[in-house]
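2 protein chains.
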Amino acid sequence: MNRHWVDGVADAGIPADDRGLLYGDGVFRTGLVWDGQVHQFALQRQVLLTDAAALGLEVDVSGLTREMEHAAKQCGRGVLRITLSRLQTERGYGPRWPAPCRRIMSVAPLPARPAHWWGRGVHAGLLSMDSAGPASLSPHKHLNRLPQVLAQRALTPDSGLQEVLMTDPDGRVRCGSMSNLFLKKVDASGPAWITPADGSLMGVSRRSVASAMQRLGFSLEEQAVSMDDLQAAEEGFLANSLIGIWPLQRITQTGAQPESDTALTDWEAPGVQTRAVMAELDHPLVTDMLAAYGDST
Amino acid sequence: MNRHWVDGVADAGIPADDRGLLYGDGVFRTGLVWDGQVHQFALQRQVLLTDAAALGLEVDVSGLTREMEHAAKQCGRGVLRITLSRLQTERGYGPRWPAPCRRIMSVAPLPARPAHWWGRGVHAGLLSMDSAGPASLSPHKHLNRLPQVLAQRALTPDSGLQEVLMTDPDGRVRCGSMSNLFLKKVDASGPAWITPADGSLMGVSRRSVASAMQRLGFSLEEQAVSMDDLQAAEEGFLANSLIGIWPLQRITQTGAQPESDTALTDWEAPGVQTRAVMAELDHPLVTDMLAAYGDST
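Protein chains in written order, with the working numbering: chain A, 1 to 297; chain B, 1 to 297.
Any given hint could be a false lead.
Pulled a few chain B residues facing chain A out of the computed Cβ check, cut under 7 angstroms [said to hold, decoys possible]:
| id | residue |
| --- | --- |
| 1 | H4 |
| 2 | D7 |
| 3 | V61 |
| 4 | Y93 |
| 5 | H142 |
| 6 | Q152 |
| 7 | T156 |
| 8 | P191 |
Simulated restraints on C-beta separations [to be verified]:
| id | chain 1 | residue 1 | chain 2 | residue 2 | range |
| --- | --- | --- | --- | --- | --- |
| 9 | B | N2 | A | P100 | 41 to 49 angstroms |
| 10 | B | D158 | A | A263 | 56 to 64 angstroms |
| 11 | B | S211 | A | T89 | 34 to 42 angstroms |
| 12 | B | A99 | A | R113 | 17 to 25 angstroms |
Sample of chain B residues with no beta-carbon within 12 angstroms of chain A, all distances over it, derived [stated by the list, open to error]:
| id | residue |
| --- | --- |
| 13 | G26 |
| 14 | V27 |
| 15 | Q46 |
| 16 | K73 |
| 17 | S177 |
| 18 | R207 |
| 19 | G217 |
| 20 | L220 |
| 21 | A224 |
| 22 | L264 |
| 23 | D266 |
| 24 | E268 |
What the hints contain is simulated information worked out from the structure, not anything from laboratory work. By construction, the Cβ of each residue, glycine as well, lies at the ideal position given by its N, Cα and C atoms.
Using the sequences and the hints given, assemble the complete structure.
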């Protein structure tokens with residue numbers, strides 16, 4: 001079912017001088033396709049345009065809209081990835097700025113994942129990274145994803161992990177390799193949700209979670225997240241556009257010797273507030289998976 | 001004259017699921033082609049294989065060798081870029097490790113650059129970067145080059161700059177966007193050459209310069225380079241495989257207001273020892289350009 005379109009042309013190849021390939025000079029988004037439509041179409045497109053603007057990419061919005069809609073219709077249910085790369089024929093790093101861009105739509109089936117990951121939560125490993133890339137670009141989903149690729153080496157079949165969280169050189173907890181982290185903190189002023197201030201994408205799922213929490217009356221703060229914050233948290237979850245929300249059941253310190261891994265948290269998942277956010281988010285896959293999980297137990 | 005070959009097939013397209021494009025999951029090298037051959041062929045191939053191994057990429061060495069030789073022959077004189085990207089059909093960041101790779105050869109004409117850049121030196125701007133990417137990967141030439149792309153925005157036609165040097169968040173001077181930096185330092189123990197320890201590629205030009213200096217009896221140390229080191233230096237140059245060596249004539253602090261730029265160094269270029277290294281390097285383009293420059297003055 002994997003298919004793609006390049007500037008609207010089905011199954012076209014990418015030229016070897018594509019700057020996304022040569023230098024990672026572009027941006028992308030991955031979204032859920034459900035019932036022939038991109039979930040949160042308008043927000044996905046808006047965030048993509050914001051990221052493109054940060055790289056000085058000029059987007060043909062009507063072409064983009066048409067191609068997103070067409071790809072989603074062809075896909076039915078699955079994953080849509082939209083990639084924009086700088087169109088420029090001159091060699092070398094130097095970017096033409098602003099510049100038009102190549103539009104690449106790719107659709108693929110949904111990854112097969114058990115319903116209990118939504119219903120009972122997932123295990124995440126905590127991995128020390130020397131850097132997740134240039135901080136000023138981190139809010140934007142650019143094509144430089146090698147840190148995430150390398151982090152996911154920890155997700156071996158026998159690791160028992162579904163995601164890996166990355167810490168920065170100062171020991172602060174950043175985002176997951178493919179998701180944002182949300183933790184329910186307990187402090188003197190009462191409970192509040194926190195999410196890492198740096199190193200996280202300002203993407204669709206982060207905005208959707210923030211909106212859902214606002215409707216529920218939960219407070220959410222962006223702040224630096226320490227190991228102490230993580231260990232003191234009462235519940236937590238991971239979020240991205242595709243999965244919606246995965247409740248966190250356990251976070252493990254991941255090191256060179258997996259046998260010496262230690263659990264940093266061990267929660268009854270989903271927590272009460274996490275369950276409320278999952279319902280409020282109104283994400284079709286979350287709804288579907290929770291129903292499937294409820295049926296199977 | 002731009003041409004390319006994908007796994008030996010002339011002018012083939014890259015599929016839209018290429019992981020170099022999707023995630024920057026690959027490595028590359030750029031080399032000088034002269035008289036139908038890759039300059040320092042064996043060393044270029046060796047460094048490429050080292051970088052590929054750091055990403056768990058398995059290379060068909062005989063195919064690579066044949067395709068490098070063929071592309072160079074077709075090119076005659078110009079630039080060869082060799083790109084290797086992880087071959088894997090599954091979606092998502094998670095890398096298959098080890099994995100075979102796609103081989104992409106691209107040839108292009110030499111960029112047109114005036115001989116006096118070699119003969120009288122170049123101007124470089126110093127630019128503060130928040131990060132040049134994950135440090136543990138920095139010795140390897142991977143496909144995540146967005147920091148370099150963004151740095152080269154400073155090289156506008158009216159900037160008068162030929163290269164931009166990047167500093168890290170701690171104010172240390174790292175590499176140039178497309179070259180390594182070498183400075184002749186003067187201290188109590190006598191003159192010595194230094195080059196930044198972190199953030200530099202362990203590439204062909206760095207090794208070639210080190211060898212040339214060794215033959216000349218110059219000492220070269222890898223160390224953190226501060227702004228004080230830079231301002232106290234007596235001479236300096238930039239090096240990469242393509243240009244060989246550009247003597248540095250001036251380094252300027254580059255900021256938001258170009259008109260307030262201040263010169264940090266102002267050297268008679270090339271310096272005496274730089275000139276010696278240029279001759280010892282035995283790089284065909286350097287030799288050619290110095291001859292052309294000598295003829296024209």
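Hints, one by one, checked against the model:
Taking 7 angstroms as the C-beta contact cut-off toward chain A, the hint placing H4 of chain B at the interface holds, the least distance being around 4 angstroms. The closest approach between the C-beta of D7 of chain B and any C-beta of chain A is roughly 11 angstroms, which is over the 7 angstroms cut-off, so the hint fails. Here the hint on V61 of chain B is broken, as its CB sits about 21 angstroms from the closest CB of chain A, past 7 angstroms. With a cut of 7 angstroms, the hint placing Y93 of chain B at the interface with chain A holds, because the nearest CB-to-CB distance is about 5 angstroms.
The beta carbon of H142 of chain B is positioned within 7 angstroms of a beta carbon in chain A (closest approach about 6 angstroms), and the interface hint is therefore held. Interface restraint check: Q152 of chain B against chain A, minimum CB-CB distance 4 angstroms, threshold 7 angstroms, status holds. Interface restraint check: T156 of chain B against chain A, minimum CB-CB distance 9 angstroms, threshold 7 angstroms, status violated. This hint is violated: P191 of chain B has a C-beta 33 angstroms from the nearest C-beta of chain A, more than the 7 angstroms allowed.
Evaluation of the 41 to 49 angstroms hint for N2 of chain B and P100 of chain A yields a failure: the beta carbon distance comes to about 19 angstroms. At roughly 58 angstroms, the beta-carbon separation of D158 of chain B and A263 of chain A lies within the given 56 to 64 angstroms, and the hint holds. The hinted window of 34 to 42 angstroms between S211 of chain B and T89 of chain A holds, with their beta carbons roughly 36 angstroms apart. A hinted range of 17 to 25 angstroms holds for the C-beta pair A99 of chain B and R113 of chain A, which are about 23 angstroms apart.
Under the 12 angstroms C-beta cut-off, the non-interface status given to G26 of chain B relative to chain A is violated; the minimum distance is some 8 angstroms. For V27 of chain B, the non-interface assignment is contradicted: its Cβ lies about 10 angstroms from the closest Cβ of chain A, within the 12 angstroms cut-off. With a minimum CB-CB distance of about 22 angstroms to chain A, Q46 of chain B clears the 12 angstroms threshold, and the non-interface call stands. The claim that K73 of chain B lies off the interface holds: its Cβ sits roughly 18 angstroms from the closest Cβ of chain A, which is beyond the 12 angstroms cut-off.
Not every CB of chain A is more than 12 angstroms from the CB of S177 of chain B (nearest about 6 angstroms), against its label as outside the interface. Interface exclusion of R207 of chain B from chain A stands, the closest Cβ pair being 22 angstroms apart, more than 12 angstroms. The claim that G217 of chain B lies off the interface holds: its Cβ sits roughly 35 angstroms from the closest Cβ of chain A, which is beyond the 12 angstroms cut-off. A cut-off of 12 angstroms between C-beta atoms confirms that L220 of chain B is not in contact with chain A; the least separation is 26 angstroms.
Under the 12 angstroms C-beta cut-off, the non-interface status given to A224 of chain B relative to chain A holds; the minimum distance is some 16 angstroms. Under the 12 angstroms C-beta cut-off, the non-interface status given to L264 of chain B relative to chain A holds; the minimum distance is some 22 angstroms. Annotated as non-interface, D266 of chain B keeps its C-beta farther than 12 angstroms from every C-beta of chain A; the closest such distance is 25 angstroms. Every CB of chain A lies more than 12 angstroms from the CB of E268 of chain B, the least distance being 28 angstroms, so the non-interface label holds.
The structure fails hints 2, 3, 7, 8, 9, 13, 14 and 17 (numbered hints given earlier, in ascending order).
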